[in-house]
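Chemist: Okay, so the sequence shown: first residue is 208 according to the numbering used here, each after it adds one.
FYI, nobody ran anything at the bench for these hints, they're computed from the structure. Just so it is clear, the structure is predicted and the values come from calculations on it, not from any experiment. Beta carbons: idealized from backbone N, C-alpha and C, even for Gly. Don't take every hint at face value.
For each label pair, taking beta carbons as the anchor points, the in silico distance ranges come out as [claimed, not checked]:
(1) P241 x P269: 27 to 35 Å
(2) R267 x T217: 19 to 27 Å
(3) E234 x C212: 30 to 38 Å
(4) F268 x P216: 20 to 28 Å
(5) K235 x F268: 44 to 52 Å
(6) A233 x P269: 26 to 34 Å
(7) T221 x F268: 20 to 28 Å
(8) K236 x R270: 47 to 55 Å
(9) F263 x T217: 17 to 25 Å
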Amino acid sequence: MCMFCAAIPTVAATGLSLDSKQRKEAEKKGKAAPRIRPFPLLTAGAVFLLMLGSVFFHTRFPRLG
208 MCMFCAAIPT VAATGLSLDS KQRKEAEKKG KAAPRIRPFP LLTAGAVFLL
258 MLGSVFFHTR FPRLG
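Please take these sequences and the hints and turn them into a complete structure.
Modeler: Below, the structure written as structure tokens:
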């Protein structure tokens, strides 16, 4: 498995964990969950870039991956 393919689930799990932590901390303080949630957007962007990297790597170097 290439580094891009291995990193996709790791980044997704980390992003979901950070978003969940942010929401739980807001609820703990008695506030509503924040409307602007940067972690899902950043996670989606990172996963998209990793997927592009994976496609590029697997099409350019098919024997290595």
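Chemist: Look at each hint and say if it fits the structure.
Modeler: Here's how the hints hold up against the structure:
About 44 Å separates the C-beta atoms of P241 and P269, a value inconsistent with the hinted range of 27 to 35 Å. R267 and T217 have their C-beta atoms about 23 Å apart, which keeps the hinted 19 to 27 Å range intact. For E234 paired with C212, a C-beta distance near 35 Å keeps the hint of 30 to 38 Å intact. Restraint check, F268 to P216: a C-beta distance of roughly 21 Å satisfies the suggested window 20 to 28 Å.
For the pair K235 and F268, the supplied restraint of 44 to 52 Å holds, since their beta-carbon distance comes to about 47 Å. A hinted range of 26 to 34 Å is violated for the C-beta pair A233 and P269, which are about 46 Å apart. Evaluation of the 20 to 28 Å hint for T221 and F268 yields a pass: the beta carbon distance comes to about 26 Å. The beta-carbon spacing between K236 and R270, approximately 53 Å, falls within the hinted interval of 47 to 55 Å.
Between F263 and T217 the beta carbon distance is about 19 Å. The supplied range of 17 to 25 Å therefore holds.
Hint check: violations occur at hints 1, 6; the rest are consistent with the structure.
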